[in-house]
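K.L.:
Using the sequences provided together with the hints, build the complete structure.
Residue-level listing of the chains:
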Amino acid sequence: MVYSELYCQSNFSFLNGASDPEELVNTAAFLNYQALAITDECSVAGVVRAHAEIKRNRLPLKLIIGAAFTLAENFSFLLLCSNKRAYSELCRIITNARSRSAKGEYQLAEWDIKSVRHCIIIWLPSLHKDTDHHWGTWLQRYHSQRCWIGAQRLLDGVDHQRFTLLTEYSETFSFSLCACTGVLMHHAKRLPLQHVMHAMRLHTTVAQIGKAALSNAERTLRPLNKLKKLYPAGWLEETSKIYQLCQFSLDELKYQYPQELVPAGYTATSYLRECVEKGIKKRFPEGLSVEVRETIEKELKLVKEQAYEYFFLTLYDIVQFAQRQGILYQGRGSAANSVVCYCLEITAVDPRQISVLFERFISKERDEPPDIDVDFEHEKREQIIQYIYQKYGRQRTALAATVITFRFRSAFREVGKALGFAESQLSYVLKNINRRDKALPWQSQLSQCGMDPSQAKVKQLIALVEQIVGSPRHLSQHVGGFVISNGPLHDLVPTENTAMPERTVIQWDKDDLESLALLKVDILALGMLTAIQKSFDLLNKQFPHSVDIPFITRLGDDKQVYDMVCKADTVGVFQIESRAQMTMLPRLRPRCYYDLVVQIAIVRPGPIQGEMVHPYLRRRHQLEPVIYPSKEVESVLGRTMGVPIFQEQVIQLAMVAAGFSGGEADQLRRAMASWKKNGRLYEFQEKVITGMTKRGYDKHYANQIFEQIKGFGGYGFPEAHSASFAVLAYVSCWLKYYFPVEFYVGLLNSWPMGFYTPSQLVRDAQQHHIKVLPICINASAIAHEIAYMGTEKAIRLGLTLVKGLSDKGKQCIIERRPAPGYQSLAQIQQLPLIRSDLEALASANAFHQIADNRYQSRWEMMDEQKSLPLFTNEPTQQNFHFAPTSIENLLEDYAATGLSVEHHPIALLAKQRSLDRFSWSNDLINKANKSFVRIIGCVTGRQAPGTASGVTFMTLEDHTGNINVVVWQSTARHQQQPYLKANILQVDGILERSPEGVIHVIAGKLTDRSDWLTKLSVPSRDFH
Amino acid sequence: MLWLYLDFYQLTLDMLAPIQTELRVQPCIIYRADTNQVLQCNALAHAAGIESGMGMAQAASLSGELNIIDYKEQREANHLTVLASALYPLIGDIVLAPPNSLALRLDPSIKYYEGLQPLWQTIINELTRQKVTYRFATGWSIESAKVLAKAKTNTIIAKRTDIHHALQQCHLKHTDLSTKQITSLSRVGIHNIKSLLALPATELGKRFDNALISYLTALRGEVFPHCSYFHPEETFSATIEPAYEISQTQHLIPWVNRLLNQLATFLRLRNQLTASLTLTLYFRETEKQIYQVGSACPLSKASNWEPLFVLLIEKLTLSHPVTAIGLCTNATEEISDQSSDFFSDRVHYFAKMQLLGRLQAKLGASNICQPASINDHRLGQLAHTQASAMLSEPCAWQPLFIASQPVLLTQPSHIQFGPVRLQTGWWDGESVKRDYFITQTARGEYALVYKSPPAEQWYIEGWYG
Amino acid sequence: MSDNLHLLTKHPQLWRASYPPSTDDVTKVASGFALLDDALGGGWPTSGLVRLRSYQGIGEVELFLSLLNNIRHQRLLMFINAPGHIQAGWFTKHKIPLENIYALSGDHDDCLWAAEQCLKSAVCQVVMLWSTRCLSLTQARRLQVSAKQHHSTCILFEYEHVLRQSLPVELDLSVARAQNQVNLNIEKQLGGWPRADIPISYSPIPTNQPILSAFAHYVAPNAERTKVS
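Protein chains in written order, with the UniProt record's numbering: chain W, 1 to 1024; chain B, 1 to 465; chain A, 1 to 229.
Derived by calculation from the structure, the hints in this document are not laboratory data.
Note that this is a predicted model, so its numbers are computed, not measured.
Misleading hints may appear alongside valid ones.
Claimed, not checked - Some chain W residues close to chain A (C-beta under 10 Å, calculated; not the full set):
1. 151
2. 153
3. 159
4. 160
5. 162
6. 164
7. 167
8. 177
9. 231
10. 232
11. 234
12. 235
13. 237
14. 238
To be verified - List time: in silico BS3-like cross-link candidates among lysine-lysine, alpha-carbon distance up to 30 Å:
15. W/981 - B/152
16. B/433 - W/189
17. B/180 - W/981
18. W/803 - B/180
19. A/93 - W/129
20. B/433 - W/229
21. B/288 - B/362
22. W/228 - B/451
23. B/180 - W/808
24. W/694 - W/55
25. A/120 - B/352
26. W/211 - A/95
27. B/173 - W/803
28. W/114 - W/62
29. B/362 - A/120
30. W/211 - B/433
31. B/206 - W/803
Said to hold, decoys possible - The calculated label-pair distances, taken between Cβ atoms and stated as ranges, are:
32. W/1 - A/161: 48 to 58 Å
33. W/1 - B/430: 34 to 44 Å
34. B/407 - A/178: 15 to 25 Å
35. B/202 - W/1005: 53 to 63 Å
36. B/73 - W/812: 44 to 54 Å
37. W/423 - B/97: 24 to 34 Å
38. B/82 - W/812: 51 to 61 Å
Cβ atoms here follow ideal geometry from the backbone N, Cα and C, with glycine treated the same way.
P.N.:
Structural data, given as structure tokens:
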């Protein structure tokens, strides 16, 4: 007996289906169904995963593409794709339905269905006689040739009515009947999860759904012998007849690049060659060496074979637009290291510098399109997106989707609510579970938080949370992935609205696009590019010759810049400014560009977990000999001294050492990226070990390599991306060294970005002997600027720093500022400013040129009458006699602007109290290693990196610099109050200096000194 | 004028402590979910570093086994009225300041207690008997006393100058000023009342609204805003001591009638009705017995209550002679238009209510019910889940009668309908996995039967009447 | 035959053997089964005590469906000592409003007392009473009189195992079911002749018939539909 299930919903019918597309196709194949139709609610989001799963496991099951719809009350039906045209028709209908309503819903119009020409319709009557007759006649008039009636047998006590009515409809409208189930789960044990999802959808508990919930688990994939007993033979065979008519497969989707990029009279290849030639003149003014010309020819030949010309031309067009608008950009990714890209000015990485081979970027066997991300200034990225929409039209371009899945916290809370747990108890438990605790999984931490795991309800909660984590919750838009096609996009894939106005997203995510080899272009935003561009603008005002990234990279590695980096003086610099990087820089001591590439990739959870940092360190300082087990391994790991650091290296190792084919290596890469979710990586363990031992590598080395692959997990950083980031890191270091003032002003004006707050950036500038002038009503512009004190450059803080000052207020101050500046408070009160603006300015002491007592000036500003013209000449009575002390001034500075330019809280404390037994951050250097020290500072950062075993790092800032404090888990637990609550903290501990000179203080006694400076609120970056 | 302000800052904790013993042995906080604030914390919680006003995350991180009780304003207000009615016999002028404070006007009662200290002592005794913790202070107006109490002065000051001096030191955060006003004042260097009162009223008038100005005048004691005094709730409760002990039940009836008549006059005076009464019989040695008598609709006339009591008394057996009979109302309500319209089905409604009342008295309330419409697939499920208003499509195979206990099927019978598979109820421990069939016996009897796998035994669940 | 004698014969209480029972009598409610209606002289009596003897679960209550649908506005329907919990689903299926239906239970004497109270209260229109023991003559007499006086119907169900005893009732019936065919005997009726074996066909349950016939009919797939345009 042959049977095809025509009505099956995966968990891409959000909160209704309870099984993944992969689980459904595997079970259907196991029950030897002939075919399975994935018919999610007005969506084809799950079909590509099903298609990819069938291909991967070579299942003897055919996939039918379809979708379920409800047009009106009591009129539901399925649309199945018989051929390519039917598929385009289905995508068009879904796109129209989704575009008419908000995110997540859809609205069908009668016309949509009336115009169906190719799809097969399976009508699912609602058993309400009157509406069924109405729609039956409607279907008979328009779709008599392609309509079937889907009959379900659900053993829910209504089967006899179904059979009577459906046979009656079959006679009256002459539609033949076919069996179907309306599958919602792949196995009966998923029923509780389906009930919980149903409860979540109705925002109620499982018990309260009552009769509306499924009464049994019949809506699952059922074995053939059971189906034979439930359905008449004729209906079962009818399904395979319908299957014969549905021969469409996703492989038939062919993608065409947008044609208008190639001007008339050119072919794609010839136009690409011309652009490259133009680029060569620009990039290599002094002419081309033979060897570079040879690589260019090789690259162009490879591009021609793979027909990727349009890929480069699309990017070339976007990049040209960015140049015309003067927007700074940076291409990165596997293709970024090709000379062709450098000539097309897509990337700024001069390939001669890093001599990275080209074929790795388009490997013929892997046969997948090159993946290039282009970063733009984060404030100007929107212009690029609008350009793309305007050039290709909303019909032909859309964002790729990302599938938002259930995270642990939201899953635990929602499943708990559905099972009837009290909300306050759930939030209390969630607050007490430490997800970073590697030793104790969350399930066993429940008992500490008052949830007894032996209770049946709690066991159900644990089981259901484990099942639901990772399953899709809703579709959202990818951060920057654009899909551009030649014809209308909805011939290829349906699009739907996103939360943001006039932004559309396709129903497939980036993995789906990859498995169907469709092209995706990533347009991303990068804060550092804005900062660098602003610094360049400041420089270009002063120097005739324009400074830009190629200009700096052409200067080659600058010794003084690298000395600064090795001293870890990298606050504000791109990628290597974090605390962890600062402790690693003096150890690794990068001296050239490639060292920077390694530095960026090595301080990440992947390499740290894979224990690759220390071996690399030892080999770099020749403390350990570099040995390669074989020639092939040396060719791959040569440039990183035998230690795999980059994601590409791990994949090449698999190919070279374990004999993986190109395709298998790609599967390994995909598995590595998502191993956390579904553990597919273990399938490869056995293959890697046997592959390597067969080729003569010893078992221990093979195991070590696999551990390193597992350690990489999702964090492995591709070398190509690291190479592009290294360029920006070097440029920002170069600017910080040669033009610090422009560097700091650029950074401050592009905030919020990076690791440090404006207060810390200003502190760092002051430590570099740069004068920082406070906000002044007469001197400040809106943004921060360079001010000249005689010949010496200083930073003048801008009005943007004043909290609570409206944009209109800033505009008005600048425009109406008289030439000699404001002379009196009354003059300012005449300005059409709202009262809160005046008060904010007063508290920020912006009037310090006119009135020194900021309390007095704020008290004046609060007087409403003063701003009425009638009262201008009223003398100000002198009955207000409150003046701020120096500490109160400091507190007001922090409250009004978040930083203080004059003095540092600790400096004030030192003036107030005798702190002689304390040592400051700058004199820690001459303290002996292992000596006892007493330090005090404002807590500006608390970090508990997952890798360290329960150790927390705190950063204390005093008026001379930053101090890194290490707090062991036991010290933190015993002195929890000061550890968690302190603003100003005194630490008595042991100083530890590493051989490379990196200083840490191991905390012994913590004392909370916040009461010395009441009401000081120092912004702290905790537990990021 | 001399006002005493009592701030019961942990009223809920004090109220619950005698009932829930774990409050004394574990750190415990009263937590308000909507503002995510800890309101009250017991001694152990204070020791762990938790203060009121903290957020839940910080509190939870400071103490492991924290006991959390949700704050309910109504519960605290009820207990406040209990305290007020306890103090009422001692001092007549009480003003309620919900949710957890009382203001007592002392000066009129001082002459009855010959001085302030004796009066204050009696108040302290009553408060200690009620086992409540409090902060207190006195002032020339409720507002000033409140500020001093919030500032924890905890002393009785009578002289005006001392009050003025104490008031000067208090910080602005103890006053009733809004947080916005307090911050804008602190940003100009004004932190306590002394500096606030130093500013001329005209300057303040230009910068703040007049609500603040009127509050300040009240604080200075120049004007006294109107306040409404507290009067305890009246409920009817009377006990009668019959001339001789009653051993036969029917002799109780005349005394009960007298109480009913008293009740009727009490209710008629206040134009009220009551739906439930409590009859208490006192005995010489043994514990008194309490009976609840409810009627389906609120009544007032003795003649209506009398038959219900007669029915109740008939059922009684007196183990010991009754020495006294007490009667009190639980809740009274106003005569609303609904209960006094005079249309025809009003009479019918009344007759229906009377019939139901009589049946309930005789058969007992548990034996009268309406057809069970349960929003659950499991048929045997009793009506403990509330009947949902939404009546889903009735399924065609549902029988008229469901057996209270499934009955073993003994008659040989022939399947007419089915199977109907039921697999649900996994969430509340009564999970069900069974197939239902409708069968007919040789004698034509239709029954709903089920076979719960793995056992092969058939059970009857219901009949088709 | 003076005219008052003529008047006398019109009196509803008086019955002459030769008169056919009048069908338009207002005190009767058509039962919906033609044969039964003319045997009963128009249908179920709207007042008085009716006894029905049968096995349990043959659709005995559904027999009186027309009576239950005929309850006047706000009047109550009482189930006393029913064999199981009555289900709301059954009433909504037959479109009988739920708010006026009550079920009472208790021992034998309590139930009789309750039945009498309900009949006397003129608030209940139909009282259905199940009895496991046969009623005494006086008890039956009291029910019959109070039902008659207050224009309400009391239906007494005695299942077969209860020892039969003749009672002063308005209508005495016994019913037996074979498959979905029911045979009804009128043992005795006030103002009419007893009748035996009146065939009525109705069934209180759904059957599997539509499913079985579908299995028989759809053995092969629909032959002519092969191509889709």
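K.L.:
Each of the hints needs a verdict: does it hold here or not?
P.N.:
Now the hints, each set against the structure:
1. 151: 9 Å, holds
2. 153: Result: holds, 8 Å to nearest chain A Cβ.
3. 159: 6 Å, holds
4. 160: 5 Å, holds
5. 162: 8 Å, holds
6. 164: Check passed: Cβ of residue 164 of chain W comes within 4 Å of chain A, closer than 10 Å.
7. 167: Since the shortest Cβ distance to chain A is 6 Å, the answer is holds.
8. 177: 7 Å, holds
9. 231: 9 Å, holds
10. 232: Residue 232 of chain W check passes; min Cβ-Cβ to chain A is 4 Å, inside 10 Å.
11. 234: With a closest approach of 3 Å, the residue 234 of chain W hint holds.
12. 235: 6 Å, holds
13. 237: Result: holds, 4 Å to nearest chain A Cβ.
14. 238: 5 Å, holds
15. W/981 - B/152: Holds. Residue 981 of chain W to residue 152 of chain B sits at ~25 Å (cutoff 30 Å).
16. B/433 - W/189: It holds: about 13 Å lies between the C-alpha atoms, which stays within 30 Å.
17. B/180 - W/981: Distance of about 25 Å is within 30 Å: holds.
18. W/803 - B/180: 16 Å, holds
19. A/93 - W/129: 17 Å, holds
20. B/433 - W/229: Between residue 433 of chain B and residue 229 of chain W the Cα gap is close to 20 Å, so the pair holds against 30 Å.
21. B/288 - B/362: Measuring from Cα to Cα gives roughly 24 Å; hence the hint holds.
22. W/228 - B/451: Within the cut-off at roughly 22 Å; holds.
23. B/180 - W/808: 23 Å, holds
24. W/694 - W/55: Given that 30 Å is the threshold and the Cα spacing comes to 28 Å, the pair holds.
25. A/120 - B/352: Cα-Cα ~12 Å, so holds.
26. W/211 - A/95: 20 Å, holds
27. B/173 - W/803: 24 Å, holds
28. W/114 - W/62: The hint holds at about 28 Å.
29. B/362 - A/120: 16 Å, holds
30. W/211 - B/433: Holds: residue 211 of chain W and residue 433 of chain B sit about 16 Å apart, inside 30 Å.
31. B/206 - W/803: 25 Å, holds
32. W/1 - A/161: 48 to 58 Å: 51 Å, holds
33. W/1 - B/430: 34 to 44 Å: 38 Å, holds
34. B/407 - A/178: 15 to 25 Å: 23 Å, holds
35. B/202 - W/1005: 53 to 63 Å: 55 Å, holds
36. B/73 - W/812: 44 to 54 Å: 46 Å, holds
37. W/423 - B/97: 24 to 34 Å: Holds: the Cβ-Cβ distance is about 31 Å, inside 24 to 34 Å.
38. B/82 - W/812: 51 to 61 Å: 60 Å, holds
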